[in-house]
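Residue numbers (numbering that gives the first Met the number 0), protein chains in the order written: chain A, 0 to 367; chain S, 0 to 287.
Worth double-checking, as some hints may not be accurate.
[Stated by the list, open to error] With a Cα cut of at most 20 angstroms, we get these calculated PhoX-like pairs of lysine-lysine:
id, chain 1, residue 1, chain 2, residue 2
1, A, 118, A, 176
2, A, 72, S, 184
3, S, 181, A, 72
[To be verified] To spell it out: a stretch of chain A is covered by chain S in this simulated footprint if at least three of its residues, at any positions, have a beta carbon under 8 angstroms from a beta carbon of chain S; those stretches are:
id, region
4, 63 to 72
5, 96 to 102
Think of the hints as simulated: they come from the structure by calculation, not from any bench.
Fair warning: this is a prediction, and the values are worked out from it, not measured in the lab.
Idealized CB from N, CA, C, for every residue including glycine.
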Amino acid sequence: MSALSVEKLRVRFGSVEVLKSVDLAIESGEFIVLVGPSGCGKSTLLNVIAGLEQATEGRIEIGGREVTGVPPKDRDIAMVFQTYALYPAMTVRGNITFGMECRGVPKAEQKEAVARVAKLLQIEHLLDRRPGQLSGGQRQRVAMGRALVRDPVLFLFDEPLSNLDAKLRVEMRMEIKRLHQRIGTTMVYVTHDQVEAMTLATRIAVMNGGVIQQFADPQTIYDQPANLFVARFMGSPPMNAIPARLAASGSEIAAMVGPDAATAVPLPNATAAMKDWVGREVVLGIRPECITLPDGEQPGKPAASLPATVEMIEPTGAETMALIRVGQSEIMARMRPDARPAVGSVASFALDTAKACLFDPKTESRIA
Amino acid sequence: MVEARSLSARGGRILLYAILIAFAAFYLTPLIVVILNSFRSFQEITQTSVLGFPKEFRLDNWVQAWGSYCIAGICSGISPYMWNSLLIAVPATLISTLLGAMNGYLLSLWRFRGAGLIFGIITFGVFLPAQMKLVPWAITLRDLGLSNTLAGLVLIHVVQGMSFTTLFCRNYYVNVPQDLIKAAKVDGAGFLQIFWRIILPLSPPILIVTVIWQFTGIWNEFLYGITFSEGSARPVTAALMALSANIAQAREYGIESASVLIAALPTLLVYLFGGKYFVRGLTAGAVK
Numbered sequence: 000m001s002a003l004s005v006e007k008l009r010v011r012f013g014s015v016e017v018l019k020s021v022d023l024a025i026e027s028g029e030f031i032v033l034v035g036p037s038g039c040g041k042s043t044l045l046n047v048i049a050g051l052e053q054a055t056e057g058r059i060e061i062g063g064r065e066v067t068g069v070p071p072k073d074r075d076i077a078m079v080f081q082t083y084a085l086y087p088a089m090t091v092r093g094n095i096t097f098g099m100e101c102r103g104v105p106k107a108e109q110k111e112a113v114a115r116v117a118k119l120l121q122i123e124h125l126l127d128r129r130p131g132q133l134s135g136g137q138r139q140r141v142a143m144g145r146a147l148v149r150d151p152v153l154f155l156f157d158e159p160l161s162n163l164d165a166k167l168r169v170e171m172r173m174e175i176k177r178l179h180q181r182i183g184t185t186m187v188y189v190t191h192d193q194v195e196a197m198t199l200a201t202r203i204a205v206m207n208g209g210v211i212q213q214f215a216d217p218q219t220i221y222d223q224p225a226n227l228f229v230a231r232f233m234g235s236p237p238m239n240a241i242p243a244r245l246a247a248s249g250s251e252i253a254a255m256v257g258p259d260a261a262t263a264v265p266l267p268n269a270t271a272a273m274k275d276w277v278g279r280e281v282v283l284g285i286r287p288e289c290i291t292l293p294d295g296e297q298p299g300k301p302a303a304s305l306p307a308t309v310e311m312i313e314p315t316g317a318e319t320m321a322l323i324r325v326g327q328s329e330i331m332a333r334m335r336p337d338a339r340p341a342v343g344s345v346a347s348f349a350l351d352t353a354k355a356c357l358f359d360p361k362t363e364s365r366i367a
Numbered sequence: 000m001v002e003a004r005s006l007s008a009r010g011g012r013i014l015l016y017a018i019l020i021a022f023a024a025f026y027l028t029p030l031i032v033v034i035l036n037s038f039r040s041f042q043e044i045t046q047t048s049v050l051g052f053p054k055e056f057r058l059d060n061w062v063q064a065w066g067s068y069c070i071a072g073i074c075s076g077i078s079p080y081m082w083n084s085l086l087i088a089v090p091a092t093l094i095s096t097l098l099g100a101m102n103g104y105l106l107s108l109w110r111f112r113g114a115g116l117i118f119g120i121i122t123f124g125v126f127l128p129a130q131m132k133l134v135p136w137a138i139t140l141r142d143l144g145l146s147n148t149l150a151g152l153v154l155i156h157v158v159q160g161m162s163f164t165t166l167f168c169r170n171y172y173v174n175v176p177q178d179l180i181k182a183a184k185v186d187g188a189g190f191l192q193i194f195w196r197i198i199l200p201l202s203p204p205i206l207i208v209t210v211i212w213q214f215t216g217i218w219n220e221f222l223y224g225i226t227f228s229e230g231s232a233r234p235v236t237a238a239l240m241a242l243s244a245n246i247a248q249a250r251e252y253g254i255e256s257a258s259v260l261i262a263a264l265p266t267l268l269v270y271l272f273g274g275k276y277f278v279r280g281l282t283a284g285a286v287k
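Only chain S is shown next, with the shape it has when bound in the complex (with noise of 0.2 angstroms):
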């Protein structure tokens, strides 16, 4: 009796393992299948088929993917894409993090009459689609003159990113007591002072979660990298596109794998590095 119904809680745990492996493995397929590619030869690919393990492990496509390959009659591989992306990304996950704690900082921590209404107008923009601010964009970015230029995406990115950068500071700064403001008043600190010295280093739990938020979200952006650049001022994702759209010639499964995992390659180490603290960033509750 005992016995039987330990063989059927074990039954259970296989079949439930069974099926975890099934789905993980179906959603991993793909991504096994560009890593076989990205080491097989153009030859090999095209002689049988898209599936199948590499005959030898050849590093050439990712060299090509790398620097030479042409991309739009460019024939610098995505090198300086990548470039472009991290010249995007950095500039605009730094800026959009540090407004994202001064408005939070502001809302939550200075309230003043409006305070509600400001956020909710803030954070609306969560909620808004992309595609819908598409041409107020494009007219914004002709009147600045930032048209096709990567200022122009960072300051989209900027803009953007400070809904969600305002919600999640606002969010955590509302558990710092207000008596510590008061208190910094009463010393002399002024604005900024209780800022940099006071809430600034209690915030590095949810800074750490902006800024991954934020640099993936900002790396992997596709349809403003899209619309509102062309040529060599392209982000990664839109020179990836511009790459696997290139119909004169057969299709080089391989380079466009590489390529493909040469641009997932930094959120994928930020994930890496910081994704304990992104867990751990987002459980953090009141500061104490």
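So that you can see chain A by itself, here it is in the shape it has in the complex (with noise of 0.2 angstroms):
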């Protein structure tokens, strides 16, 4: 069943188009996150989702209803604030239960619903305080209880937990995955963090400018970006964008890199729309992970060696991250913990060109 469809939806505001024409089609049980830059339209796309901001054009089904126009406390959806949005006048119970008071559902329902949503967020010692009174965490969780006791078709999050510090953002994290897949509804989860997108999701949709660049599992975001755009919003640090140009000898393909192109970076997994590139300036894509010192590298794997400067090295104890130079592109190189070329040395560095993207400089998009 589809949870969610959005079609040709445009939202202006003025002059200003804050949506062109998005469409969205989702399953139910799918845990879908939009990503972007601030100001990229995600938030407006989930209010508009919501119903708490208007659509210009274009139509929204939940649940296989049609929603368009239909006021927000009956689309059957529960939503999740980045300020938490707790009533600071009532109690956690009365926040709990205030949209079914809203409603009219007898209270003996009422209380059933908070003590099973109490004890599966575990705050049913909270239930009398005030938000006030209550953690980061705390006031989270309780948001989360009053969206959970509705029983939704559609979970809507608006950046959860931007507002909490680094150790409990991974921990609420973790839970929130949890409680995906503990209860299985469909949910719908605005952010500006792609590691929080590419660990909760099961598709993503990267956002820019008003338009999904590219909506995909994050294995496909992160291994075969639409454009440069998503290329480098995904992954921290971003995917090494390279300059260079096509050569072909025989059968094989090779990106032609570095000062006067004169280092060849073998392309083993060429395919029909490279050779048509051939000859051509082109943007080689990288991760950094697919560069490190060539003592690290794994048999089998092919390999292509890259003399590169080392400008600078970042051991973060996990890894070893280097700035490096080839030419005039500065590329972001991913070691083991305990390698340290010199610094201001050349140091011959071992390509992973296996998961290599190569993409249109004028238009940003990936050829191959």
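Put the two chains together into one complex; each comes in its own frame, and the hints tell you how they fit.
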């Protein structure tokens, strides 16, 4: 069953077009993350799905029912907000039951629902406190409780973890994932954090400039980004984008990089699409973890050798990042934790090109 | 050397306090004169002067001022006019505060097209001098059939007060996170339900400020009171004017003093009990 379908949605505020023809089809039980930089329209999209903002054009279906023009309360949704949006003057119990009161749910049923949700989220001991007496993590839990108690077709999360500190954020992230696995309700989750997107989503919609750039599962987004924007936005540090020229010798195709395009990076997975680009400028996209020092290379993997100047190294404990330079391009390499190439020296780096991407330098779309 | 400096510091401090005390005395003198005169007899004041310490503390000025002194031919003291003022100030304060809270809620949390303009127009009333509005009000009250009624004065104070109460409340509610409204909408609450259940319980700090502001303002208001009422419908401020304008006989400074003090008592009490909330409310910042 389709849980949510958005068709040709446009939102215009005066002369500013915030959403430009957005299409989205979500199956029941999915965990969809809308991710993008601030101002990309992701929160607007969520608000329009919730009915809190009006679309200029387009239609929305929730659970197979057209809801364009239906007020938020009748859309069978529940929403969790970034600021938690707990009602300050009500107790936790009051916060959780307020929605049911508004809908006229019988008292006994309310009590049962509160007990169920409080147990699920382990907030039973907080029920008689006010939001002001709770910690950030507890407030977040209560906000989720308020949404859960509704048992909706669709959960909407608007950057729910942004106000938490780093440690708590990781904990709550796991908790949300566990919650989704347990209750299986469809979730649409907005964030600007690509790690949250990668870890939580069954599918990710990467947005920029009011347009969905790519809508796919996390691995596809990561390995085969639709364009340079997605390539750079997803992954930390981002995918390296290296100007190159494609060259062919026989059936082999290589990207020529560095000064005077002198260094050949052979591309093992040559496709037909690549052949059209032989002799032309492209952008070679390669993830930092595919650039290492040669002794870390695993046998059997296709590898190219890339001589580069080491500009800076950043040991993080779990790994060592290196900023290296090839001609005009600065490239991030991700190495073993004990790797310590001398800063300023020229070292030979191993490139795993199995997952290398090629982009059109003009349109920034992926060629292969 | 050290001693000399501490000596000069102490000298400065003494000078500072001397100046402060002098100013305080200067401002308090009229009040003290009025308080003292309210206990002195007519004979005592006329035989000596209005400045003097009472020979004996007599309460009959207060009794007469409250219940039997003749004001413009009605010998009932100022008590009925106190009652009039209360009948004007209490409803006008409550209604204007409630409307201000509603306006503020609507203008800050239900942002709609033109909200800024409407807010500008409403608060423009804050800057309009009262004299300018006398004639328009006279026409309005006449057309509504409310001339020389308490209801007419209530209407005036509600409308005029709304500029202030809207300004206060809107600026307070602007700090309420918009997400609260969104959450309540998703929960299924309507415009009024959100106001009563969620916004109003957050509002005591600003409501106390507006209530004190409105009550003291309306109680002390004189211009509209004297213009739009006469006879027994007068508020106490206008009655005080009539009392002191009694030129047929020698001035009863003792009774006038007692009347002024009685008339000032309600606002004084409001300040005494609500003053600390007033300051707290004015400085209260965001609702978190």
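Structure-based check of all given hints:
1. 118/A <-> 176/A: Satisfied, since the Cα-Cα distance of roughly 17 angstroms is no more than 20 angstroms.
2. 72/A <-> 184/S: holds (6 angstroms)
3. 181/S <-> 72/A: Given that 20 angstroms is the threshold and the Cα spacing comes to 10 angstroms, the pair holds.
4. 63 to 72: holds (count 3)
5. 96 to 102: holds (count 4)
Comparing the model with each numbered hint stated earlier shows that all of them hold.
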